[in-house]
Every structure is written in structure tokens, then in C-alpha cells.
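K.L.:
Numbered per numbering that gives the first Met the number 0, the sequence shown spans residues 0 to 807.
Just so you know, these hints were derived from the structure itself, not from any lab.
Since this is a predicted model, take the numbers as computed values, not measurements.
Quick reminder that beta carbons are idealized off the backbone N, C-alpha and C, glycines included.
One should not assume that every hint holds.
As the list claims (entries may be wrong) - Pair by pair, the computed Cβ-Cβ distance ranges are: (1) F465 <-> S394: 50 to 58 Å; (2) A92 <-> D298: 25 to 33 Å; (3) V292 <-> E627: 49 to 57 Å; (4) F400 <-> V615: 36 to 44 Å.
What the hints assert, rightly or not - List of simulated lysine-lysine pairs, DSS-like, C-alpha gap at most 27 Å: (5) K560 <-> K601; (6) K65 <-> K261; (7) K560 <-> K659.
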Amino acid sequence: MSLAKSSRRSRSGNSLFKPLGSRLGQVGAILLASLVLVCLVMFGYVTLIVMPNLPSLDSLVDYRPKMPLRVYTADEVLIGEFGEERRDFIPIAQMPEVMKKALLAIEDDRFYEHGGVDYIGVLRAGLANLRSSRSQGASTITMQVARTFFLSRQKTYARKLHEIVLAYEIERKLSKDQILELYMNQIYLGERAYGFGSAARVYFGKPVQELTVAEAAMLAGLPKAPASANPIVNPTRAKQRQQYILKRMRELGYISEAQYAKSAQEKLLLRGDRRRFTTHAEYAAELVRQYMVAQYKDDVYTHGYNVYTTLSFAEQTAAYDAVRRGVIEYDRRHGYRGPEGFIDLPRNADDRAQAISEILLKHPDSDELQSAVVVSATAKLVRAELLSGEDVEVSGDGLRFAARALSGKGQNKIRPGAVIRVVRDAKKKWWISQLPEVSAAMVALNAQDGAIRAMVGGFDFTLNQFDHVNQAWRQPGSTIKPFIYSAALEKGFSPGTLINDAPLTLNSGDSGGQSWDPQNDDGQYEGPISMRTGLKKSKNLVSIRILQSISPAYAQQYLAKFGFEQDKHPANLTMTLGTGSVTAMQVASGYAVFANGGYQVKPFIIQKVVNNRGQVLIDSQPAKAGDEATRVLDARNAFIMDSMMRDVVNGGTGFAASQKLGRRDLAGKTGTTNDSIDGWFAGYGGDIVAVSWMGFDKPRSLGGREFGGTVALPMWIEYMRTALKGKPPVQRAVPDGVVQIDGDWIYQEYANGNAVRSVDVEDTRSFWERLFGSRPQVPGQGPAPGPAPAPIPRPIPSGEDMTYRGGS
């Protein structure tokens, strides 16, 4: 009986389990069928839709990355880079092992093991996504290559399926090293840097091969959020990711415990975009960019052209430093103008920091002149905050320049909220400064072939892109006088010709306007003096009488020999005082004719252009001095003018140059226009011609006590100190066809009485001298080697003004 009951209960229990098992089986069958169906659908989708529409992998097999236009000095220092993408292509064989391991540690440590898709990684990411609301990717490096080159970043299942199929195709076509090479050169890493080669240079200022473990880990963390979490934009987030990568490298055995400990504590020195180039040559680089765009259109920004200029790194740096120093020293002589602006400082710390940041972004730094907002100010101490958040304190001598703005009243008083400029000296002491208003420029070239050695078009390219070397048409002042004197030599004048330095009244036809009573700037007149002395002392009345004698029309035509534009110079007597218009580049080219013995060389800046395959597209072969086809001036003329301009530097208005540089082979001329609107110095030493200029963009006086010798000559001297270093003095050989009379040079054909002996001077020669003339001395046969070198002038006492003001 009990057995029967037990049997019935067993049958009843089995009957209960059978429906449940049946149901589970049915569910399993449905799931399996669904899975099969999904697989069939996916297979069909891949076969019918994805595979036929896969992009060609030719762009990967024949990889041609976008490469920017790069501009270099002659000694291969980078001075300019133009293009949307900064990229240095680094073959995988040259990519350092530490950089590859840092990247694999964070992006795909099983890269060399999987076939394009890491299913273990997919499973790990899937589980992580179930536990977190934030999705975690499982893309391998191969999948990222597929996405970077061919797909969008939109997160959809269709895009992911395309990515997976493409990854397998890429793995089938390319080796692992080829795939890694593509990734490491193509990936965006912030700050317009593409690829790790470029990122190393942009962030750390060094080749990728020189990165430390800590630096490599920092760069390896950039692909995840290159724009928002790079070390320049967000150093905190970048540091956190770097530390995580270092731990991963240690866990994977890529670095030792000692390496990890050292790298985790290493302080990274970021360069940032402002210090991307080791010298300032922005105006020159822009000149090159304009030429390349004209030649190759917009391809220049993506095809990886490399342009090698004629610039010397050392000389370019010297010219830039000279211009900056000259402008700042001039600016300090003329006093502090007051803060650049003001803001109201909020009381809330966060609001205050935001307000300071916003105003300082509108007042960008100018190299060493950093903008800052004053947070407190007294006559003895100023506290200010930089854009970086750094607090600075200025006291003692550092306040002297702006003392009146601290103690005075009114709108220009330095007070909390004022935007000022500060500069830190070599001893780390802070000083109040200001952003100069005056402009300046310098250009230097090789007189033998016209190669530009240095070019500074202004004080700061970021603040003012106007190129004062090539674009600014300014009055040349007395720098034009040597060309007028040179013209006179062809008309029978000589350095010994006596010219009356006396007042003169001219009618409107001579001046091109009203009647004119020209004067020497210093108001002093010396009577009859030699043409040599007239140039040495920059005597206006001497120059006017010379031009009056040879005629303005002849001189105007003569200027074209030196590359000047005739129609830019008035055909009247004011021409000799520099009332025409020239560019600094024209002046340099003109003086090169005197420096090289009479040959016209055309200034050029591009030496070589190379494409991204190393093919030379342009290789400049300029005409050089010595080629008689380029001769525009008699060698005798160039020799005599050189001797006269050496006197200007050795004892005239340019005396400071020979005194400070300790050389007697320098030649040149100062120039100051009417009311001191422009200040110039143009000259040369050996084969190096340099021209410096200073003036305001909206013309106004530089000041009653400012001249070419005070504003332009100091810049020229500082540049030449570097340019002439180690170069021996140059002594010119006497050319055929010149002789000496009374100790000075003259063309041989004018030596027997045909020369212009004087202008507006009573002839005091004896009857026999007028009849037979002076006896010429042929070089090498007479006792006088002439011209006798000028005696070394006495030292200038402090405060004594040695600048000749006759249009000096």
C-alpha cells in the first residue's frame, strides 16, 4: 500500500518536472535559434553590405600622411611650421622601445598576440560596462587604425561591425609593425600635434628618441582625451593618467621597480607652444610661406615641403636680441606711460582667478615681457598675478621705472586691477616694464651673393605682423648721401673737392615746393671743407651743393644702379637729405654694391626646397659679385666710397661702432630724417651688410635728442658683434685707375686738371697750380699711402653728444 502511494507520488513529481524541463529546453532552443538567426543576419549583413562597401586599404599600404610646411635656417634650425597638422613621420624601426611599450601598456598590451580583435578584452570591457554607467571601450590598436583612417567616432553597432571587419582586413594586409607605425604617426595628440614624433617636440622640445620613461608615459596617455587632458591644458588629469600608465608598465614587466620609482617622481619640463622655436624668425618664415603658397598653392600645408633658408641661426638670434634690446632701451628713456588696462577684481577667489585669466588672454606675453594683473600696490611693493597663476612681487629698483605711476593720482595710477608688464632678470628679480609703442627692424645680407643672414621685421610678430624690412616705405635720411656722393665721383668730384659749408637760399623749383633755407641740424657752418669731411660730419649744405652741381635728374637716374626705384625719389634738391622712400631691404642691397666692389646682387632668402621624398625642387644659384655681368659701379668708385664711409665710422657720426667693436674696417652712414621721424644706420664689415631702423608706424618724432646714432646704431653694433666674431679685418686692394692728389684719391683721368676742385669756393690756388694742376701720386710709387687713416678720436666723456646733427 505504501509502495503504491510512493510510486504515485514519484510519477506525480516527474510530471511536475517534465513541463519545467520542457520549457527550459524550449527557451534554450529559442535562444539557440535566435543566436543562429543573429549570426546568419550578421553574416548576411557583413557579406552583402559591409564587405562590398569596405574602403580600399591603399591609403594604409601607401601611407602618405599630411605633413606641414617647415622652414629652417641654413644650419637646419626650425624657425617656422605651417599646416593644420604638426607631424614628424617616424619609421617604426626608429621609434624608441620605451615609447612603444608605454603605448601598448595602456592601449593594447596583447597587440602582438591577437589577430585584430581582442575577445578577452571585449569580454572584460563588457563586464565592466555592466557594472558601470560609463562605457569602456575594447578597441585594439588595429581597430583604432581602422576608425582613424576610415570611420567616424559615432558609437553605433553598425560602425563597430565595420571596425571589426576592417581590423581583420588590415591584419591580413599589413604586418604588426606596419600597423603600429601607422597608429603612432597618425593619431592626434593635442596642441595640433599628430603622431608621437611631433608630440615629443611640441610638448618637450626634443626628438622622440630622447624621451625619458616618464615623458613617454605622459604622451602615451594622450590618445584618450588629447584636447582636454593634455599636460598644457589640464596638467592634473594628464599627470593622473601618466601615473596609471607607469603602474601598468611595471605590472607588465616593461620597466623595473627602480625605473618606476624614479619615473613616478620625475618632474616634467613642458615647453609649450610659445617656446616651440629656439630662435625668433617669424617675419622671415612668413616671407617664405607667402612664396611657397604662390608657387605650390595650398598643397604647401599638407605635402611636407622643407625649406632651407639662408639665415644663420646665431646671427638671426643676435639680430632679434639687438632689436628687442634697442627698442626697450629707447622706450625706457622716454618714460612709463601707465598700465595697459584695468579690471575690477571680484572678491570671490574663483571669480577673481577667472577675471584675471580673461583679461590677460587679451594682453598676451611678448617674449620676456609678461603681462600681469596687480592685486596690491604701494610705493614700495607691488604684488601681481601672471596668467599661469604665479604670484610675483616687485620692490626696490624694480619699481623705479614706474615710480610716478605708483605715487601719483589719476587714471594711469598703478592700483589693484591694473594690467602691467613685468620682466624677470638673470638674478630672478622682477621689474616693472611696458610694451613699447615704437617699431624697429634689421636686415643683414652677404654682400657677395645677396643671401639674407638675418631679418627682423619688427619688435614682436604676434603683436604686429607688418614687415618693416620689406613692406615699410620710409624716408632714408642721410643714409642716401653716399649714393649722391658716388654719383658726384662720376662727374669729376673727389674726396678732396672743396665745398662751401655755408647757408643757402633756394627757390621753389629747387625744393619742389616753397622757397627753402636748408640748414645743418646743429646750426654750425664750417665754410670750405672737403667732400670727405662733409660726408664724415653729414653736412646738409655740402650735400645740397653737390647735388645742385650734378643735377637732381642725373642723381635720380643714378640711384637705379643700386636697386632704388627712381619714382620714389623727388627730382629736386631735397633728395640728398633723404626725402624719398625706401625699404630697409633696398638700403641693404644698395650698400652691398659698395661692400662688394661694385656688383649688384639680389637679396634672396630661400636656398633650397625639398619635398617629403627628399627630392630637391629648388636649389638657388644666385649671381655673385665678381661676375662682370652684374657690375653696376666702377670698382674705383666703390673703393673711394668705401674709404669715405670708413671715415664716417672711424671718426664721424658712426664712431661708436669702431670704438665698441674695436675694428677699423667698418664702413657706413647714420641717417636721421626731419624732426627725427626715422633713425637709421646702414653699413658693413667685410662681406656682411646690415641695416637697422627705428620709427613709429604712425610717423611722429622719436624725440628731440634722438638720432640714427642713438636709436639705430646701437642695434647695428650688437648684431655685428656676433656676425663679425672671429673674422679678420678686411683691407681693400687699390684698383687700377686711381691716384692720389694731396693725400686723397681721385680718378686718374681727372688728375690732370679736369676734376671738380671746388664748389662755391673762391679759387686760392697759385697761377702755376691752376695752369698745371697738382702732381698725381700713383699708388706704390709715391711716399704717401693715403688716405691717411683718421687719428683715433679721444674718448667721449659721459653725457657729451658726439652725434652730428646735419641730417646725420
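K.L.:
All the hints need checking, so say for each whether the structure fits it.
P.N.:
Okay, the hints, checked on the actual structure:
no., hint, verdict
1, F465 <-> S394: 50 to 58 Å, "violated (37 Å)"
2, A92 <-> D298: 25 to 33 Å, "holds (29 Å)"
3, V292 <-> E627: 49 to 57 Å, "violated (36 Å)"
4, F400 <-> V615: 36 to 44 Å, "violated (52 Å)"
5, K560 <-> K601, "holds (12 Å)"
6, K65 <-> K261, "violated (37 Å)"
7, K560 <-> K659, "violated (33 Å)"
When held up to the earlier numbered hints, the structure conflicts with 1, 3, 4, 6 and 7 and fits the remainder.
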